[in-house]
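Student: Using the sequences plus the hints, can you model the full thing?
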Amino acid sequence: MTIPPYFAKKKPVSASPVTTSSKRTSSVYSTDFQEQYLNALYYMRLSRMLEEKLGALYRAGGRIVGGVYLGKGQEAFAAAMGVQLRMGKDVYGPLIRDQAGRLAFGEPIIETLRTYLGAATGPMRGRDGNIHRGRPREGYMAMISHLGSLLSVVAGALFARRLKGTLGDSIGATSVGDGGTSTGAFHEGMNLAAVEKLPLIVSIANNQYAYSTPNTRQYACENLVDRAKGYGVHGEHIDATDLAACLTAFRGAAARAKAGEGPQIVVGTLLRLAGHGEHDDASYIPDKKRHTHEARDCIEVAAKFAMEQGWVSETALTTQMEEIRRLIDQTVAKVSKEPAPDPFKENWQALSTAGLVEGQNP
Amino acid sequence: MSGSITYLEAIREAQYDALRNDPAVFLYGQDIDTFGGAFKATKNLGKEFPGRVFDSPISEDAMVGLAIGAAIEGARPIVEMQFADFSSIGFNQIINQAATLYWRTETPCPLTIRLPSGGTAGSGPFHSQSMEAIYAHYPGLVILTPATVEDAYWMLLDSVELNDPVIFCEHKFLYYHLKAESIGERSLPIGKARIARPGRHATVVTYSAMVHDAIRAAEELQLDGYQIEVVDLRSVKPMDTDTILGSVARTGRLLAVGEAFPWGGVTAEVISRVASEGFHLLDAPPMRLNAKDTPIPYHPNLWKAHRPTVASIAGALRNLLRY
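Chains R and B supply the protein sequences, listed in that same order. Quick note on numbering: numbering that gives the first Met the number 0 labels position 18 of the first sequence as 17, and the sequence is numbered without any gaps. Quick note on numbering: numbering that gives the first Met the number 0 labels position 177 of the second sequence as 176, and the sequence is numbered without any gaps.
Don't read these hints as lab results, they were simulated from the structure. Check the hints yourself; a few may be wrong.
What the hints assert, rightly or not - Non-contacting residues of chain R with respect to chain B, defined by C-beta distances greater than 12 Å in every case (computed):
# : residue
1 : Asn190
2 : Pro213
3 : Gly261
4 : Leu350
To be verified - So, partial list: chain R residues that the calculated Cβ filter (under 10 Å) puts toward chain B:
#  : residue
5  : Val90
6  : Arg124
7  : Gly147
8  : Ala156
9  : His186
10 : Ala349
Said to hold, decoys possible - With beta-carbon atoms standing in for the labels, derived distance ranges:
#  : chain 1 : residue 1 : chain 2 : residue 2 : range
11 : B       : Asn95     : R       : Lys88     : 25 to 33 Å
12 : R       : Cys220    : B       : Asn95     : 26 to 34 Å
13 : R       : Pro340    : B       : Ala120    : 49 to 57 Å
Here the structure is a predicted model, which means the values were calculated and not measured. Even for Gly, the Cβ is constructed at its ideal location relative to N, Cα and C.
Tutor: Printed below as a string of structure tokens:
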């Protein structure tokens, strides 16, 4: 098993249902599915290790600039969407728990580390931090903290492409959590994307707690997927601790979006296996919740399944983890030597039109 | 005022020309396609440019969000807010998403948001607001307040060509009442104020519809032998401090007039700049005249007393000149 290169070209998602048998096993999964599964598993493991490193650096103090918000437990759901996307072709608007999705989309870990470690070389150049990073001109949207507000922005990028005639089979994808579905921006964006019938996947990671607020104080419908009907879009609800279920759902959603069926909602039930941020011990999550099905570690589940299917050996997974650790350590070392932003070199210019910046000459 | 083109028609013409000049331009807003917009600022544009003028759902947040996403992709959207007041629903997208985008990501955001602004009699608290100050407070936005037919046309065309988000505050009172013989030539770029009327005894700095009230007040004071200079800001952000200071240097007296609420705002900014950068130019304490500190009233009797008028501007000028 090889580690996928960064910016790896992923095979386009097949629009046909997954029925072909793999030659290697008697599995019902296609070889394409299997390849995506192993790609996703790699990004899940890379994400987990990278985030553990970020958490350790945060706790050690002094290295990380700003907060650390981890996606522990949400890797399968995030990566399964990420591997459907093609950087340079699709539009991705991730949220705070999508590290695995960002990596699967094609973000190299050096971009993550440069942002967290506050290097001037990173995509945000010290002007914004961490989970807010992105490269919008490359279809990698940079979230703001206001939940749900990226939905209409991703929709707008698709809208413009359709207007220009360059949409082709591009799709957009964006994420919210259970808490984000309560905002006006989510509702407005979802409804607008549906009215405009845009090829947009909206993933809703129901991790059961919005910071500390439980589902019972967040919404009153039975299941968040019920909302899909209200918006007139296709909706699906899955067990987000099961990578195969996640992949099947997002593959289907991507195929339907490409086929012109409009926005797709995928709701995944899981449990956040960390605090809201590393400053939060999540003491509000009752102990019995931590022993439910949703509290399963999606990475352990996925690795076990892949081995059972004969797609990967334990030795290969061990080797992969060693390579991941080495990659992370080398990248941390490299980024640590990079310069921090310099206020004297900053142009302090919020407009792209220099002549209209107050207090500066044209 | 006689003439053959109104301020509103100039806005429609500018959008027509923007659509004709650049295929990246599209219009997005409520009731703007077949209906032509609540004020008819997009009349027939949907017919003339099929597939480029879109009726939106009543979702100001998502309308602006969509326009930002489109601008990232190189489109040049013009969003029509049905009334400036409703832009409060899109506030977050405007000030947190559009205004921060270039700074955060070096991605230009060529987006124009049209705000039918200001009071007309009978419009009440939620169809009369002037939002320029609240947007001007945020870095990353250009705030334009055209007072003439010429500026309504040229500044809107300039806005669409700009690679930054523009809040285009067009005054509803001027829509039908302000007319010109023709649109006229482009005179000043965005960011430059205009001496709307030259004078030497006092300066009134104002913008949008109040420019016309200030000129009428100046005409009234001319009967008493005073020559009042009126500065039309045109753009409240960036604010042309040099032109303001140049005028105050000539007159020694400053009255800043605005239709918006009195706390903070554009007039306070004008006074603050002159006080800190041109204190030595002043022969009298600078004065401000704004609307009252209440929501905008509905009944014309109350409405007329809530905002500055020709009479109250003239009264303030007499006080200023007596000092």
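Student: Any of the earlier hints contradicted here, and which numbers?
Tutor: Hint check: 1 and 4 fail, others pass.
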